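Note that the protein sequences, when read in sequence, are chains A and B. First residue of the first sequence? That's 1333 in this note's numbering, and the numbers climb one at a time after it. First residue of the second sequence? That's 1333 in this note's numbering, and the numbers climb one at a time after it.
Incorrect hints may have been included.
One copy or two, either will do: identical chains are not told apart, so a pair holds if it fits within one copy or between any two.
Dumping the calculated DMTMM-like pairs for lysine to aspartate or glutamate here, alpha-carbon to alpha-carbon at most 25 Å [what the hints assert, rightly or not]:
| no. | residue 1 | residue 2 |
| --- | --- | --- |
| 1 | Lys-1338 | Glu-1414 |
| 2 | Lys-1719 | Glu-1368 |
| 3 | Lys-1736 | Glu-1722 |
| 4 | Lys-1364 | Glu-1554 |
| 5 | Lys-1338 | Glu-1518 |
| 6 | Lys-1338 | Glu-1659 |
| 7 | Lys-1347 | Glu-1555 |
| 8 | Lys-1736 | Asp-1409 |
Treat the hints as calculated values from the structure; they're not laboratory data. Since the model is a prediction, treat every value here as computed from it, not as a measurement.
Single-letter residue listing:
2 protein chains.
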Amino acid sequence: MQSLIKKLINKNRKKIIFCVLDGLGGLPKDGKTELEAACTPNMDRLADISSCGLHLPVARGITPGSGAAHLGLFGYDPLQYEIGRGVLEALGLGIDLGPNDLAIRGNFATVEYKDENPVVSDRRAGRIPTEENKRIIEKLSSNIDSIDGVKASFYPGMEHRFVLKLSFPQQIQEGGDQINDTDPQETGKMPLLASGENEQSQKAADVLNKFVESIAEVIKDEEKANFTLLRGISVYPHLSSYEETYGLKAACIATYPMYRGVAKLVGMDVLEVENNTIASEVETLKREFEKYDFIYFHVKKTDSYGEDGNFDSKAGVIEEFDALVPEIISLNPDVFVVTGDHSTPSTMMAHSWHPVPIMINSAYPRLGSGSGFGEDACNNGSLGIIKSIEIMPLLLAHADRLKKFGA
Amino acid sequence: MQSLIKKLINKNRKKIIFCVLDGLGGLPKDGKTELEAACTPNMDRLADISSCGLHLPVARGITPGSGAAHLGLFGYDPLQYEIGRGVLEALGLGIDLGPNDLAIRGNFATVEYKDENPVVSDRRAGRIPTEENKRIIEKLSSNIDSIDGVKASFYPGMEHRFVLKLSFPQQIQEGGDQINDTDPQETGKMPLLASGENEQSQKAADVLNKFVESIAEVIKDEEKANFTLLRGISVYPHLSSYEETYGLKAACIATYPMYRGVAKLVGMDVLEVENNTIASEVETLKREFEKYDFIYFHVKKTDSYGEDGNFDSKAGVIEEFDALVPEIISLNPDVFVVTGDHSTPSTMMAHSWHPVPIMINSAYPRLGSGSGFGEDACNNGSLGIIKSIEIMPLLLAHADRLKKFGA
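Please model the complete structure; the sequences and the hints are all you need to start from.
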């Protein structure tokens, strides 16, 4: 599909604002979902003159993680392009990644040496405090620089978690990260050696094993965190940019590092937001709007409250966003979209597989029989139930940015 | 899908009338689309006892050309089978094409010779009048017959446009038309030489270059049209016929050459229509109905008025058709279908990507909650939103023309 879209690109000056309320979709409590229960006069009014529907993030019954769900929203098939665990962790910590980098999720662990062989006694080093993690990471950073021309960078996470970035002198080819986890998954076992499924992966695995040895040497006298187990060894996915794929100069307005990271993966400019509020994001939008064709605008807390099981606060965030909608549309985007990346019903306290409401406001709406913006109204909208990867072609169409297919 | 259908064919005497109102789908003006605004008591009454829905010609957000859209309606995946520009031009001029023919869209152009090399100074030869085009085409026809056993036929189009058909002594294999355009797309450049991407295409390109030379020799003294630029060099797509694919003896009733041409591509008999009116098409239908299993009935002017931005006249053509519906169904077809090939909202004055209303009237309707025949009613129909290539299997099913799949 993307190769077809690429051929049909019709550049113009029309602008798209794509608002993603994380985990927007919900389930009813007392008959109404969070979105239906929230008082949202602005979105309701717009929905009545918009193309509405629901989208499936991956496929029926499949609950997506945030990375996969966002790839779908951005038009990259999440079943084809996978964001590795290491890369996702790195993005979550705001770490810059390039095509020469392997990203690795690390756990500090405790081992005991038997006949000089390490045997894992605690896979999480007793969940050491984050402060201790930071101290150890500093020690590693100052003792370990590079091996065989590969540079290591260490980044602390929460408790026992960290990220190791290995920067190679040259680009890692597709399939060059086919390396097993070194975590044996059970105590009483020896950490596994890294090994690669092909020549390039094996070379990387060899370097990785040397780093594991060096790290063990540096931290061998730590009481708990005296070894590391590595997982999710992965390379930055090679995604063609929004500019190449859609002919769009695109920017991201998001406050959480992971979303900023995924946006960067598809070549969006990541804009600065002064503080972690929706109002502050709207300020950034107003400041930068003129410079871009496409702005991805992300609101995080709908998802956080959904995961907490806090129905009212999730609805509250939706209301907070709705109150800012008039300011957003006063910029006169040609296409204004509100949707979520997936559903996070507060009754489930987790992501879910349920289709996600979407409204596309433009000059070319086909109206459905639903009223207002909510799951049931969208189910009666003109779009029907679409796949998330169909959203981008639709937005381009609504912005007159696709030429006719075939003569 | 088609290979599955072929295995399930169940021949019987049931008849299908498939009415295609070109560009039928619309967008609302004052709350109603053209189809919704039109007074269509006959279709409304039928829709209430039919299976209704919407169909997507190619994919979400993709606006199809008429050729691509018709392939979809006829059950041939438009993303798999492309009708080349040259073939479509030829069909539009009513030119017969066979599997031995290359069809080429030509433009007369003006070149200036520098050191005996032609340099394009006007890619459209100042848009010469059609009459002059006809005179030059006659000159070419009487001076150029065949080169290396390949016969040339020239057909004038409007202004600077013409079609060149090259008839080879043997069938052109699939991929035998992988030849570049010779149009350099810019003035100040030399016309390109044709070259082929594989052996057979290269042979054809060699002949083509000889024709370009011969043509240049014949018209070198013309004031403006002293050279030709060739585009869309393409072979008749090898489509299996309706008889082979569906077991249907099929006919086409259409007044415009292009639609008659596409129908011929899938092996339909193209019936004569006395004059360019829907009533005249209905006369043909009544005369020929008994001889066929399947009749494709095309109405052009819905699209033409849509492209003109003439909402009322588009609605008027729909009303004109509706008034003839009782005459059509008095023939007692087992399956009677009304749809469009794509949407042409008069508010957009162009083809669009919006799904197209469809009603399938037969003895086996599943009823939806919509009322009458219109975009919103169809959105509440029992079919949901289907792909255009799913229509033919559905019509066969409604005509009891498909056996059960599997035991």
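Hint by hint, here is what the structure shows:
In this assembly of identical chains, Lys-1338 and Glu-1414 lie within 25 Å of each other by CA distance both inside one copy and across copies; the values are 21 Å within and 17 Å between. Taking CA atoms no more than 25 Å apart as the test, Lys-1719 paired with Glu-1368 passes inside one copy only; the shortest distance there is 22 Å, against 28 Å between copies. Taking the shortest alpha-carbon separations for Lys-1736 and Glu-1722, both the intra-copy value of 17 Å and the inter-copy value of 22 Å come in at or below 25 Å. In this assembly of identical chains, the alpha carbons of Lys-1364 and Glu-1554 never lie at most 25 Å apart, being 53 Å within a copy and 74 Å across copies at closest.
For the homomeric pair Lys-1338 and Glu-1518, the shortest alpha-carbon distance between copies (22 Å) is at most 25 Å, but the shortest distance inside one copy (48 Å) is not. Neither within a single protomer nor between protomers do Lys-1338 and Glu-1659 lie at most 25 Å apart by alpha-carbon distance, with minima of 33 Å and 47 Å respectively. In this assembly of identical chains, the alpha carbons of Lys-1347 and Glu-1555 never lie at most 25 Å apart, being 57 Å within a copy and 46 Å across copies at closest. Taking CA atoms no more than 25 Å apart as the test, Lys-1736 paired with Asp-1409 passes in both settings, with 23 Å inside one copy and 16 Å between copies.
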